[in-house]
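Participant: As a plain string of letters, each chain reads:
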Amino acid sequence: MCCPYNKRINMAKQPDIRELKNIAKEIRIEIVKMLSCAGSGHTGGSLSMVELLVGLYFYKFRCDPDEPFCNTRDIFILSKGHGCPALYAVLARMNFFNKDELCTLRKIGTRLQGHPQRGLPGIEISSGSLGQGLSIANGFALGARLNKDPKRIYCLMGDGELDEGQVWEAALTGAHYKLDNVCGIIDNNKFQIDGRVEDVKGLEPLKAKWQAFGWEVFEVDGHNVKEVVDAYDKAEKIKGKPSMILAHTVKGKGVSFFENKNKYHGVAPNKEELEKAVKELEMER
Amino acid sequence: MEIKMKATRDGFGEGLVELGQKRDDIVVLSADLTESTRAAWFKEKFPERFFSMGVSEQDMMGTAAGLALSGKVAFACTFGAFAAGRAWDQVRISLAYMKTNVKIAGTHGGISVGEDGPTHQANEELALMRILPNMTVIIPCDALEAKKATIASASYAGPVYLRLGRSGVPVITKEEDVFQIGKSFLLKEGSDVTIIACGVEVYEALLAHEALKKENISARVINLHTVKPIDKDAIIKAAKETGAIVTAEEHTVVGGMGSAVAEVVIQNHPVPMEFVGVKDRFGESGDPKELFKLFGLTSEDIVKAVKKVISRK
Chain A
1 MCCPYNKRIN
11 MAKQPDIREL
21 KNIAKEIRIE
31 IVKMLSCAGS
41 GHTGGSLSMV
51 ELLVGLYFYK
61 FRCDPDEPFC
71 NTRDIFILSK
81 GHGCPALYAV
91 LARMNFFNKD
101 ELCTLRKIGT
111 RLQGHPQRGL
121 PGIEISSGSL
131 GQGLSIANGF
141 ALGARLNKDP
151 KRIYCLMGDG
161 ELDEGQVWEA
171 ALTGAHYKLD
181 NVCGIIDNNK
191 FQIDGRVEDV
201 KGLEPLKAKW
211 QAFGWEVFEV
221 DGHNVKEVVD
231 AYDKAEKIKG
241 KPSMILAHTV
251 KGKGVSFFEN
261 KNKYHGVAPN
271 KEELEKAVKE
281 LEMER
Chain B
1001 MEIKMKATRD
1011 GFGEGLVELG
1021 QKRDDIVVLS
1031 ADLTESTRAA
1041 WFKEKFPERF
1051 FSMGVSEQDM
1061 MGTAAGLALS
1071 GKVAFACTFG
1081 AFAAGRAWDQ
1091 VRISLAYMKT
1101 NVKIAGTHGG
1111 ISVGEDGPTH
1121 QANEELALMR
1131 ILPNMTVIIP
1141 CDALEAKKAT
1151 IASASYAGPV
1161 YLRLGRSGVP
1171 VITKEEDVFQ
1181 IGKSFLLKEG
1191 SDVTIIACGV
1201 EVYEALLAHE
1211 ALKKENISAR
1221 VINLHTVKPI
1231 DKDAIIKAAK
1241 ETGAIVTAEE
1251 HTVVGGMGSA
1261 VAEVVIQNHP
1271 VPMEFVGVKD
1281 RFGESGDPKE
1291 LFKLFGLTSE
1301 DIVKAVKKVI
1311 SRK
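These protein sequence lines are chains A and B, in that order.
Just so we're aligned, residue 1 is where the first sequence starts under this note's numbering, counting upward by one.
Just so we're aligned, residue 1001 is where the second sequence starts under this note's numbering, counting upward by one.
Quick caveat, the hints were computed from the structure, so don't treat them as lab data.
Worth double-checking, as some hints may not be accurate.
Stated by the list, open to error - Simulated DEER-style distance windows between Cβ atoms:
1) A:Ser40 - B:Pro1133: 42 to 52 Å
2) B:Glu1175 - A:Asn71: 37 to 47 Å
3) B:Pro1270 - A:Lys201: 49 to 59 Å
4) B:Ser1155 - A:Phe257: 52 to 62 Å
5) A:Gly119 - B:Glu1175: 51 to 61 Å
6) B:Asp1089 - A:Asp221: 32 to 42 Å
7) B:His1269 - A:Lys148: 50 to 60 Å
Claimed, not checked - Simulated coverage check for chain B against chain A, where a stretch passes if three residues somewhere in it have a Cβ under 8 Å from a Cβ of chain A:
8) 1063–1075
9) 1094–1103
10) 1226–1235
We put the CB at the ideal spot given by N, CA and C, even for glycine.
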């Protein structure tokens, strides 16, 4: 019998910031190992979203790894599907599946597809074609309302992803239906494949845009775990409109030679880079 | 005998209302074409289960997927041109890939839309939808069949595309006819040729059957209401027993129902085939009846195709 609304797995009432930071570090090490093992994948955008996931899954999120589809779970939607290595590492650490499976990433027969596929425990939607997640989140939110279910729905998007028109259609829908059970998150790492977001197609002023669309916006340093968990707490209290956490992040965060190097958007570390990356991450306090 | 005329979208609307009465898990979404798609009939009775999505077909498909993943059976309603065309990638990923329980009602299919012209006449949806894995594609031939198809699709797992029409078409099926998804309906026996038709072309095929009878040509008529999964057995049987096939559809002949039939025929029992349908072109404005003549979709066109295919036997 699952009852995530009554028990918070691996969670304390108050966030243990030091512990969350430590988890984030370990997740980063898993990510670079996994990507190196796969030989391809999205390094930069996986590393930029780590604290956003850790602050959610290891503090706020109600779920039961033993029963991933139990009715009373919260919903997490990874709309920026290419960031899945980070999510896989988190789900494995929470025991949604065995950690050994991480090294099957992107290989024939794996449940860890190059972009997330529904079917792997903990994965709610198949994503990868950008811009589709927030609409699905709204659908979950409307469904929860009909079902009189107090679940919360989280949806993580990339900033480059916001070029997709569907995101703004969904922004209208979320505000129109006053979906206060929806909490969007933007991993605002300032880069997309072709280069700097502001050079490719400018998004600013991003906060004002979401506010104008009727969303409550929380602007945070996306690598400051305390700010991140505070934003999740605050978003939960907003009534009558959806929330958006606009998280300023660094692409490739945690490894000096990946940080803000857009080359690593879709390139995995080679063996040498992996060794150096792990060493750097382990030294980090 | 007077034939009752009724649009398949009306049958859909009635089916939705009946579903709404029977089942609490039915929800309906509409992209600003609520009256035109007949989703309004559901909205009137069950406003709390109706969601107005505005002119946002892509968002509608995603929202419908989310509702479906919450345990609902979601009907997403708009014109076929926008459902299958505008929102194709959303249908591909959020519906087909994930096998979400979303039923798409694509109304205003084909040139029978008439005066609104090519942007609103969907002649490509059967092709666009049938190439997607996990997708089921249904095109009812009359309002009664549309009602049955709507109700059947709600209990059928996974995404379903319902191709519906704007204009009144003859009601040719009977209350007692069994509608089963994936199982074609044999309307007329025949031994010289088989006419496989779908949608409004089923009626034209029946007229062709009568005209051909006068010329001592025995034409079998099959209503292939489900384009996918396709009824292979009936098609192979027809190829073997009649030796020639004509397909008739109010849709482009490129990749549509005729193509789907040809894929079965050529791999199992090749026989000469002719395609009646829209010939790789866009539609245009005009009175639907005149358009059917202009585009070669009348019973006379089917008769011509039958004669041609028989000459190739």
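Participant: In ascending order, which of the hints set out earlier in this document are inconsistent with the structure?
Facilitator: 1, 5, 10
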